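Trainee: Work out the full structure: start from the sequences and follow the hints.
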Amino acid sequence: MAEGGRSGSTLIGLGAFLIFLGTLFFLAVYLGYLQNQTWIFPWITTYRVALGGLILGLILLAAGLYTRSAVKRYERRLEELEQARRQQEALLRAKAIELGKARAEAERKAIALKLTHARLKKARLKAEKRKQSLLRVRGKLGERSKRLKRIRKLAEV
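For the sequence shown, our numbering assigns the number 1 to the initial residue and increments by one for each residue that follows.
Calculated from the structure, these hints are not laboratory results.
There could be a bad hint or two in this list.
Here are the in silico distance ranges between beta carbons for each label pair [unchecked claim]: (1) 125 x 102: 31 to 37 Å; (2) 128 x 153: 34 to 40 Å; (3) 51 x 9: 23 to 29 Å.
Predicted model, so just to flag it, every value in this text is computed and none were measured.
Glycine included, each C-beta is placed from N, C-alpha and C at the ideal position.
Mentor: So this is what it looks like as structure tokens:
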């Protein structure tokens with residue numbers, strides 16, 4: 001990413017410098033400080049060098065401005081995406097907390113259900129023991145009553 005928002009500043013600076021030099025050359029030739037002479041090839045003149053500097057400077061300036069705006073646009077988009085990611089993470093955390101609460105509630109209910117089952121089992125066993133003891137007592141009483149009936153019969157005879 002661009003450090004300190006300086007993306008494209010090199011191109012902008014270089015473009016402005018070339019525009020300045022091109023304008024300086026053009027004015028120097030126009031005011032007569034420099035002659036409009038040919039350079040290396042006959043079709044390269046001082047006017048054309050100045051014009052080329054101006055055009056190249058404008059191109060570099062435009063490229064720098066475009067680069068800067070593109071980087072700012074992408075940084076803004078990245079920030080929006082980062083914000084959306086943070087919101088999604090917050091929603092996920094909230095849902096995880098709700099899910100954790102629901103799990104804790106379900107575990108608490110499961111434990112309560114197990115305790116209830118254990119109490120019911122204990123109560124059933126206790127009732128079964130009472131029933132068995134009642135049956136034993138009834139059996140003994142029945143046996144005693146049979147004995148008593150036999151004793152009565154024998155006593156009558």
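Trainee: Holds or violated: the 31 to 37 Å window for the beta-carbon distance between residue 125 and residue 102?
Mentor: 35 Å, holds
Trainee: Does the Cβ-Cβ separation between residue 51 and residue 9 fall within 23 to 29 Å?
Mentor: Holds - the Cβ-Cβ distance for residue 51 and residue 9, about 25 Å, lies within 23 to 29 Å.
Trainee: Just tell me: holds or violated, for the beta carbon distance of residue 128 and residue 153 against 34 to 40 Å?
Mentor: 37 Å, holds
Violation of the numbered hints given earlier is absent; every hint is satisfied by the structure.
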